[in-house]
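Chain A is already provided as a structure; the job is to place chain B on it using the hints.
Number of protein chains: 2
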Amino acid sequence: MIPKGFSFSAVNAGIKSPDYQGLDLGLISCSTEAVASGVFTKNLVKAAPVVIGMEQARKGIARAIIANSGNANACTGKQGIDDARAIMEAMARSLQISTEEVIPLSTGVIGVRMPVERILPKVQLLADQLSDNANCFARCLMTTDTFPKIVSRRAGDANVLGFAKGAGMIAPHMATTLAVVLTDANVNKQHLDNIIYYSIKDTFNAITVDGDMSTNDTLVALSSGLIHAELTDVQQAISETIRELAMMIVSDGEGATKFVTITVSGAEGNREAKTIAMAVANSLLVKTALFGADPNWGRIVAAVGYAGIPLDPEKISLNIQGLHVVEGGQQAATFDETALHEALLLKEIVIDISVGNGPGRFQAWTTDLSYKYVEINAQYRT
Amino acid sequence: MIPKGFSFSAVNAGIKSPDYQGLDLGLISCSTEAVASGVFTKNLVKAAPVVIGMEQARKGIARAIIANSGNANACTGKQGIDDARAIMEAMARSLQISTEEVIPLSTGVIGVRMPVERILPKVQLLADQLSDNANCFARCLMTTDTFPKIVSRRAGDANVLGFAKGAGMIAPHMATTLAVVLTDANVNKQHLDNIIYYSIKDTFNAITVDGDMSTNDTLVALSSGLIHAELTDVQQAISETIRELAMMIVSDGEGATKFVTITVSGAEGNREAKTIAMAVANSLLVKTALFGADPNWGRIVAAVGYAGIPLDPEKISLNIQGLHVVEGGQQAATFDETALHEALLLKEIVIDISVGNGPGRFQAWTTDLSYKYVEINAQYRT
Chain A
1 MIPKGFSFSA
11 VNAGIKSPDY
21 QGLDLGLISC
31 STEAVASGVF
41 TKNLVKAAPV
51 VIGMEQARKG
61 IARAIIANSG
71 NANACTGKQG
81 IDDARAIMEA
91 MARSLQISTE
101 EVIPLSTGVI
111 GVRMPVERIL
121 PKVQLLADQL
131 SDNANCFARC
141 LMTTDTFPKI
151 VSRRAGDANV
161 LGFAKGAGMI
171 APHMATTLAV
181 VLTDANVNKQ
191 HLDNIIYYSI
201 KDTFNAITVD
211 GDMSTNDTLV
221 ALSSGLIHAE
231 LTDVQQAISE
241 TIRELAMMIV
251 SDGEGATKFV
261 TITVSGAEGN
271 REAKTIAMAV
281 ANSLLVKTAL
291 FGADPNWGRI
301 VAAVGYAGIP
311 LDPEKISLNI
321 QGLHVVEGGQ
331 QAATFDETAL
341 HEALLLKEIV
351 IDISVGNGPG
361 RFQAWTTDLS
371 YKYVEINAQY
381 RT
Chain B
383 MIPKGFSFSA
393 VNAGIKSPDY
403 QGLDLGLISC
413 STEAVASGVF
423 TKNLVKAAPV
433 VIGMEQARKG
443 IARAIIANSG
453 NANACTGKQG
463 IDDARAIMEA
473 MARSLQISTE
483 EVIPLSTGVI
493 GVRMPVERIL
503 PKVQLLADQL
513 SDNANCFARC
523 LMTTDTFPKI
533 VSRRAGDANV
543 LGFAKGAGMI
553 APHMATTLAV
563 VLTDANVNKQ
573 HLDNIIYYSI
583 KDTFNAITVD
593 GDMSTNDTLV
603 ALSSGLIHAE
613 LTDVQQAISE
623 TIRELAMMIV
633 SDGEGATKFV
643 TITVSGAEGN
653 REAKTIAMAV
663 ANSLLVKTAL
673 FGADPNWGRI
683 VAAVGYAGIP
693 LDPEKISLNI
703 QGLHVVEGGQ
713 QAATFDETAL
723 HEALLLKEIV
733 IDISVGNGPG
743 RFQAWTTDLS
753 YKYVEINAQY
763 RT
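Top line first, the protein sequences correspond to chains A and B. Per my numbering, the very first residue in the first sequence carries number 1; after that it's consecutive. Per my numbering, the very first residue in the second sequence carries number 383; after that it's consecutive.
For reference, chain A alone in the conformation it holds in the complex:
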């Protein structure tokens, strides 16, 4: 269900090019002064909307989100900030709210000036078309996504609704991609900040498609506060929403034919386990082997070895699809190459790596690497 207080709209503004006909400009409006939280890319090259949004999330108040795909408004300097502000101002005028209450989100090509002249004439339309059609907002975020990403959960009597866009430039150590989480639960700024912070740790910060970190990654959470709910219920609903969005992003990874879950256990700490898991998840040789259902487990062990975490190679054990593959750093006695090849033909791949007896553990999600990924990314702009 739609969280109370929120309404949605999306239009075509021809942002990527005047010929583009899909939804590429969207609005979320909140009838109350919403509590706002946000997490942002750790890339030092930050898009204009990220620079603006970070300040807004710190203040913690918003009434609207205006989002676009087709242009990232990144590497656009002061002009980019001015353009983002011009759009925020127009949106604020149409909604009769203050400019600072409009959070901008952008995704798309880097380094091209925002086509403000095509966006501004559409802003009033956004305000006029507000409805409970949340799906249109999910669609306006799409770039190379093959399906809109929208998730809803109940938190007692309250509701949580999440949106995200995929599907490349997905890498850890940040709030990956654009995502929006809305709730009508009455949660204060500090609680919302904490919930988001802890929810992304093992979800948005545990996924990788290609190891590339975007200039625009943002997750914004808004609460209208119109319904009372227990904090633990809200916490769980938001964290499940974020988890499901993260999994959707991976399963819609550019060109992905596999959904891969990599769990590393037995490391000294969780941080060490994460570094190892991410080395395996980002290994091109592992990803291409998975695409080809190649039972070439040595590539996984090699990636464990170069992750940069001290470990004893003779303590490495590896299970793939529940099959025992490596024990004590060597091929397990029961290893069956044909069985492993057949198990790797499935779409869901589960890789369990143990590196010792430590308490550290981390689970990462990734994709395989296919011809299609190359095709999508060799032709993005043409």
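In case anyone wonders, no lab produced these hints; they're calculated from the structure. Bear in mind the structure is a predicted one, so any value in this text is a computation, not a measurement. There's no promise every hint is true.
[Claimed, not checked] Taking lysine-lysine pairs in the DSSO-like style, the calculated list, with each CA pair at most 30 Å apart, reads:
| no. | chain 1 | residue 1 | chain 2 | residue 2 |
| --- | --- | --- | --- | --- |
| 1 | A | Lys42 | B | Lys424 |
| 2 | A | Lys315 | A | Lys347 |
| 3 | B | Lys583 | B | Lys386 |
| 4 | A | Lys59 | B | Lys697 |
| 5 | B | Lys398 | A | Lys315 |
| 6 | B | Lys424 | B | Lys583 |
| 7 | B | Lys504 | B | Lys398 |
| 8 | B | Lys398 | B | Lys424 |
| 9 | B | Lys424 | B | Lys460 |
| 10 | A | Lys372 | B | Lys729 |
| 11 | A | Lys16 | A | Lys42 |
| 12 | A | Lys16 | B | Lys697 |
| 13 | A | Lys122 | A | Lys78 |
| 14 | B | Lys697 | B | Lys754 |
| 15 | B | Lys441 | B | Lys386 |
| 16 | B | Lys754 | B | Lys398 |
| 17 | B | Lys571 | B | Lys583 |
| 18 | A | Lys201 | A | Lys4 |
| 19 | A | Lys189 | A | Lys4 |
| 20 | B | Lys460 | B | Lys504 |
| 21 | A | Lys42 | A | Lys78 |
| 22 | B | Lys386 | A | Lys372 |
| 23 | A | Lys315 | B | Lys729 |
| 24 | B | Lys504 | B | Lys583 |
| 25 | A | Lys59 | A | Lys201 |
| 26 | B | Lys386 | A | Lys78 |
| 27 | B | Lys424 | B | Lys571 |
| 28 | A | Lys315 | B | Lys460 |
| 29 | B | Lys697 | B | Lys729 |
| 30 | A | Lys122 | A | Lys16 |
| 31 | A | Lys42 | B | Lys398 |
| 32 | A | Lys78 | A | Lys4 |
| 33 | A | Lys347 | B | Lys386 |
[Claimed, not checked] Residues on chain B that point at chain A, a partial pick, calculated with CB under 8 Å:
| no. | residue |
| --- | --- |
| 34 | Asn425 |
| 35 | Glu437 |
| 36 | Ala468 |
| 37 | Val491 |
| 38 | Leu502 |
| 39 | Phe673 |
| 40 | Tyr688 |
For each residue, glycine too, the CB sits at the ideal point set by N, CA and C.
Chain B only, in chain A's frame:
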């Protein structure tokens, strides 16, 4: 010219499979007790021949190198060490030298036991067929290489000859791939160690095809000491040999259609410049854009931003193929998308990035990422 004192042979041993008909087992023999140096993978998961070779390089004496492709003898535990030693012993018997004087080199699939029963019967043949045909040794190292990699240089009256294998699992921070450098120049252990150490820094440790670091990477240098040469001449000849081998490896990178030189300048130090250059060189989005001749420069700037080195995004400038693309973190006023696209259709790509006013500088070499890379690596074993 062939360095004095060295002879070569190679045979087929059906190492990858009994059906394989190419050269996959090779020998270099030295008529004197050669001075030996080596640099080895930093991967914690080290193949048996790496474990053995590291000790031999420390001692610094060798009379032979036995090398094979088709099997890495990695993740094979104590059995792998025993197998490598059995091969070294047989080779030493045939050559009437000591086992410890035979350096083993292996490359190929990880985790499969060496087919000792197919290798041992071929060892006498290797000894019997020794000649000045160095090319056959270069060929026996080949896996997915499309051409043998062999380089020669003069050092005054002395000679330097280098061999390497490519072409995937190529990553920095180590002596990448298998490589052998031979010289007849009279250079002592300490000088040879230093020459190798400094030569790989900006060559083998500056290249990347896929960011994956092998379990077997080794560069071995042997000097027969039969000819007098000036140390500076030897230094230059070896360093040029290693540089050319490194460039050959990149130009034969798996599926590569482009040879890409990335120079980062203006960083605080060379180490910072290297980290930034390698982030760009390993970015899948940059590599796929280059494959598609896509003038999507934002991906380069994004990779600079996530490299993990503190910098001011507004000080980033970028030239591609000599065309001015980014100034002060934004698209340069003179940017011409069509001109850049056309310049990117060339095979040699030159990317120059400046990140500030510091003295730090590093040049990295890499490839683009093509369909062919995915094809090669999805089907390696089948």
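Given the hint that lysine 347/A pairs with lysine 386/B, test it: the Cα-Cα distance must not exceed 30 Å. Status violated; Cα separation ~57 Å.
Pairwise hint evaluation, lysine 78/A against lysine 42/A, where the allowed Cα distance is 30 Å at most: holds, 20 Å
Proposed proximity, lysine 729/B with lysine 697/B (alpha carbon, max 30 Å): It holds: about 29 Å lies between the C-alpha atoms, which stays within 30 Å.
Evaluation of the interface hint that places valine 491/B against chain A, nearest CB under 8 Å: Holds: closest Cβ of chain A sits about 6 Å from valine 491/B, inside 8 Å.
Can you confirm whether the C-alpha distance between lysine 754/B and lysine 398/B stays at or below 30 Å? At roughly 22 Å apart (the allowed maximum being 30 Å), lysine 398/B and lysine 754/B satisfy the hint.
Please verify whether lysine 201/A and lysine 4/A have alpha carbons no more than 30 Å apart. The hint holds at about 28 Å.
Please work out if lysine 424/B and lysine 583/B have their alpha carbons no farther apart than 30 Å. holds, 14 Å
30 Å limit on alpha-carbon distance, applied to hinted pair lysine 42/A and lysine 424/B: Holds, at roughly 28 Å.
Would you check the hint for lysine 571/B and lysine 583/B, treating anything up to 30 Å between C-alpha atoms as holding? Judged against 30 Å, a Cα distance of about 19 Å means the pair holds.
Against chain A, with CB atoms and a cut of 8 Å, does the hint on phenylalanine 673/B hold up? holds, 5 Å
With the threshold set at 30 Å, check whether the alpha-carbon distance from lysine 424/B to lysine 571/B stays at or below it. The hint holds at about 22 Å.
Regarding the pair lysine 372/A and lysine 729/B, is the alpha-carbon distance no greater than 30 Å? Holds - the C-alpha atoms of lysine 729/B and lysine 372/A are around 23 Å apart, at most 30 Å.
Consistency note: the structure conflicts with the earlier hints numbered 14, 22, 23, 24, 26, 31, 32, 33, 35, 36, 38.
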